[in-house]
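Sequence order for the protein chains is B and X.
Residue 221 in the working numbering sits at position 139 of the first sequence, with consecutive numbering throughout.
Residue 379 in the working numbering sits at position 95 of the second sequence, with consecutive numbering throughout.
Since the hints were derived computationally from the structure, they do not count as laboratory data.
All C-beta atoms, glycine included, are put in the ideal place defined by N, C-alpha and C.
Treat the hints with care, since some could be wrong.
[Stated by the list, open to error] On the chain B side, residues computed to face chain X include the following (Cβ under 10 Å):
(1) Met105
(2) His107
(3) Ala202
(4) Leu245
(5) Ala249
(6) Ala308
(7) Tyr340
(8) Phe341
[Stated by the list, open to error] Going by beta-carbon spacing under 7 Å, a handful of chain B positions derived as facing chain X:
(9) Arg94
(10) Phe205
(11) Ser342
(12) Tyr344
(13) Thr352
(14) Tyr358
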Amino acid sequence: MSEPTLTWNLARDVEELLRYRFMVHAFEAGTIVAVMAAVVGWYMVLRRQSFAGHTIAVMSFPGAAGAALAGLPSAVGYYVACGVSALAIGRSRRPGRGPASSARSGESAAIGVVQVAGLALGFLFLSLYSGVLEQLESLLFGTFLGIDSAQVLTLLIVAIAVLGALALAGRPLLLASLDPEVARARGVPVRTLDVGFLLLLGLAVAATSQITGALLVFVLLVAPPAAAQVLTPRPARSLAVSVALSLLITWLALSISYFSPYPLGFFITTFAIGVYLLAQLARHVSPRARDRRPPAPVAPPHSGSAPIPLA
Amino acid sequence: MLSHEFIRNAYLAGTFIALACGVVGWFVVLRGQVFAGDALSHVAFVGAIAAAVVGIDERVGLFTLTLGLAAVMAGLGRRAQADDVTIGVAFSWILGIGVLLIAVLSTSASGNNGLIVANTLFGSIFGLSAGQSLVAAAIGLGVALAALTMARPLLFASVDVELATLHGVPVRALGLVLLMLIGAVTAEGAQAIGALLVLGLIAAPAGAALRVTARPYLGMALSGALALGAMWGGIALSYAIPSLPPSSAIIGLAVGAYLLASLRSTIAI
Numbered sequence: 083m084s085e086p087t088l089t090w091n092l093a094r095d096v097e098e099l100l101r102y103r104f105m106v107h108a109f110e111a112g113t114i115v116a117v118m119a120a121v122v123g124w125y126m127v128l129r130r131q132s133f134a135g136h137t138i139a140v141m142s143f144p145g146a147a148g149a150a151l152a153g154l155p156s157a158v159g160y161y162v163a164c165g166v167s168a169l170a171i172g173r174s175r176r177p178g179r180g181p182a183s184s185a186r187s188g189e190s191a192a193i194g195v196v197q198v199a200g201l202a203l204g205f206l207f208l209s210l211y212s213g214v215l216e217q218l219e220s221l222l223f224g225t226f227l228g229i230d231s232a233q234v235l236t237l238l239i240v241a242i243a244v245l246g247a248l249a250l251a252g253r254p255l256l257l258a259s260l261d262p263e264v265a266r267a268r269g270v271p272v273r274t275l276d277v278g279f280l281l282l283l284g285l286a287v288a289a290t291s292q293i294t295g296a297l298l299v300f301v302l303l304v305a306p307p308a309a310a311q312v313l314t315p316r317p318a319r320s321l322a323v324s325v326a327l328s329l330l331i332t333w334l335a336l337s338i339s340y341f342s343p344y345p346l347g348f349f350i351t352t353f354a355i356g357v358y359l360l361a362q363l364a365r366h367v368s369p370r371a372r373d374r375r376p377p378a379p380v381a382p383p384h385s386g387s388a389p390i391p392l393a
Numbered sequence: 285m286l287s288h289e290f291i292r293n294a295y296l297a298g299t300f301i302a303l304a305c306g307v308v309g310w311f312v313v314l315r316g317q318v319f320a321g322d323a324l325s326h327v328a329f330v331g332a333i334a335a336a337v338v339g340i341d342e343r344v345g346l347f348t349l350t351l352g353l354a355a356v357m358a359g360l361g362r363r364a365q366a367d368d369v370t371i372g373v374a375f376s377w378i379l380g381i382g383v384l385l386i387a388v389l390s391t392s393a394s395g396n397n398g399l400i401v402a403n404t405l406f407g408s409i410f411g412l413s414a415g416q417s418l419v420a421a422a423i424g425l426g427v428a429l430a431a432l433t434m435a436r437p438l439l440f441a442s443v444d445v446e447l448a449t450l451h452g453v454p455v456r457a458l459g460l461v462l463l464m465l466i467g468a469v470t471a472e473g474a475q476a477i478g479a480l481l482v483l484g485l486i487a488a489p490a491g492a493a494l495r496v497t498a499r500p501y502l503g504m505a506l507s508g509a510l511a512l513g514a515m516w517g518g519i520a521l522s523y524a525i526p527s528l529p530p531s532s533a534i535i536g537l538a539v540g541a542y543l544l545a546s547l548r549s550t551i552a553i
């Protein structure tokens with residue numbers, strides 16, 4: 083196989099890009115992942131649950147290591163670990179337990195504990211599995227080279243399920259995220275939505291991290307939605323912007339990393355932060371955009387903190 | 285067990301790292317800044333890789349990056365507490381750079397880069413030399429003392445920002461110093477129990493202490509004691525069971541303490 087080279091002829095470059103089966107699969111998987119992460123991440127950013135999202139994302143590492151140890155397919159490990167950690171975090175979100183724990187500090191400690199417990203287990207599994215170090219790297223940072231059509235199909239099914247569930251629960255979830263008190267008063271099952279959303283997040287993350295790796299899923303979950311919420315306050319438009327940005331980042335990063343010796347993760351994270359910074363810049367420069375505030379959630383009484391996103 | 289030099293080194297470094305993690309962690313949990321601690325500790329790993337690429341002592345890379353990011357996070361957020369989206373975007377980008385550096389490292393250096401990656405991610409407390417553990421102990425002690433020195437004003441600023449500001453407490457400066465202390469603790473802890481796991485010694489003992497008691501100094505002491513117990517017990521446990529990595533044992537004990545404490549507070553109510 084000759085080294086791929088980039089030319090100025092765009093059509094030739096695209097042809098070159100899609101010459102190999104693995105690259106076609108990578109683009110299919112990347113597209114599905116980008117759309118799903120952008121939509122789920124949009125709610126995650128709105129609900130200020132980035133830490134929970136990051137923790138669930140990291141859980142795919144012990145999941146995969148545990149599955150390898152038990153001789154199960156790694157996908158099983160991903161889904162089980164992400165699901166269990168989502169439930170554990172959901173449980174810890176019950177407010178008002180313990181003497182000195184204001185809900186915020188109690189929650190952040192609980193999420194941290196869930197995360198390190200999972201990572202310590204993952205490390206244990208890995209060392210019991212007579213540690214294959216290259217595998218560690220691809221578990222944490224992902225690979226898009228070995229995706230087969232069965233994986234793409236699974237991803238598609240998961241994405242349809244997650245997006246379908248969000249389409250059904252989207253409006254009440256939006257209300258519950260922005261103003262839990264009002265939502266509760268109107269009979270929206272806030273607590274069920276809370277746990278349900280974390281489970282959806284877990285599902286999306288488990289599917290995604292098989293491709294992007296445990297440490298890098300997070301960037302697609304947080305950067306495009308955060309940029310979109312900076313750019314426009316309207317939920318529907320902002321969701322669309324988020325999806326568009328996420329697709330752009332993923333496609334661009336996949337193409338460039340194909341022609342470059344350096345890993346995909348670097349390009350994805352760099353483009354993502356670039357998009358986020360540009361969005362922030364746009365808001366500061368354009369007075370029109372500054373007047374249109376992003377949807378500021380009414381902060382729950384215990385956390386007197388800034389409306390998202392932060393200027 | 286103590287006749288082995290590497291065990292003595294591990295106990296020396298571990299003791300003071302655990303104390304520092306416990307005391308600083310109490311404030312981290314109280315202020316709900318565990319995510320910031322998480323970001324700082326994961327970033328420590330990139331610092332170590334960068335140092336390996338450049339070919340300098342890994343501690344230079346560790347401290348430069350964690351202290352630098354701590355300053356940036358303090359500068360970005362209101363009240364020197366960064367927003368969670370800002371933290372998330374910034375630190376995933378730094379992890380992305382880490383991936384790039386791993387690729388650079390594996391094309392330039394021959395061989396054991398996998399070992400460097402694994403050691404910085406999950407730590408190697410049994411691999412510390414006598415000199416390294418002395419430095420670790422000194423830094424741990426320094427961080428713990430610094431945190432205790434500013435405990436009163438920091439407590440005030442954490443519990444009621446507005447009132448503390450009115451009373452002339454330098455809220456922003458305290459927030460910055462706390463983030464720097466977290467940075468120092470994670471950089472030091474990353475060498476011993478790993479960039480991915482050091483968060484456990486910050487969050488779990490402190491979380492447990494805050495569930496058990498609302499009194500500040502008692503809580504700090506309890507948090508330090510729990511961290512110390514997890515560290516000592518974990519080292520001993522891992523010595524007794526060779527297939528159990530020390531980092532996993534230490535974190536396992538810390539998480540166990542947290543679970544017991546939350547069980548207790550659930551039953552008590």
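**OP:** Run the structure past the numbered hints and jot down the numbers of the failing ones, going up.
**Re:** When the structure is compared with the hints, numbers 1, 2, 4, 5, 7, 8, 9, 11 turn out to be violated.
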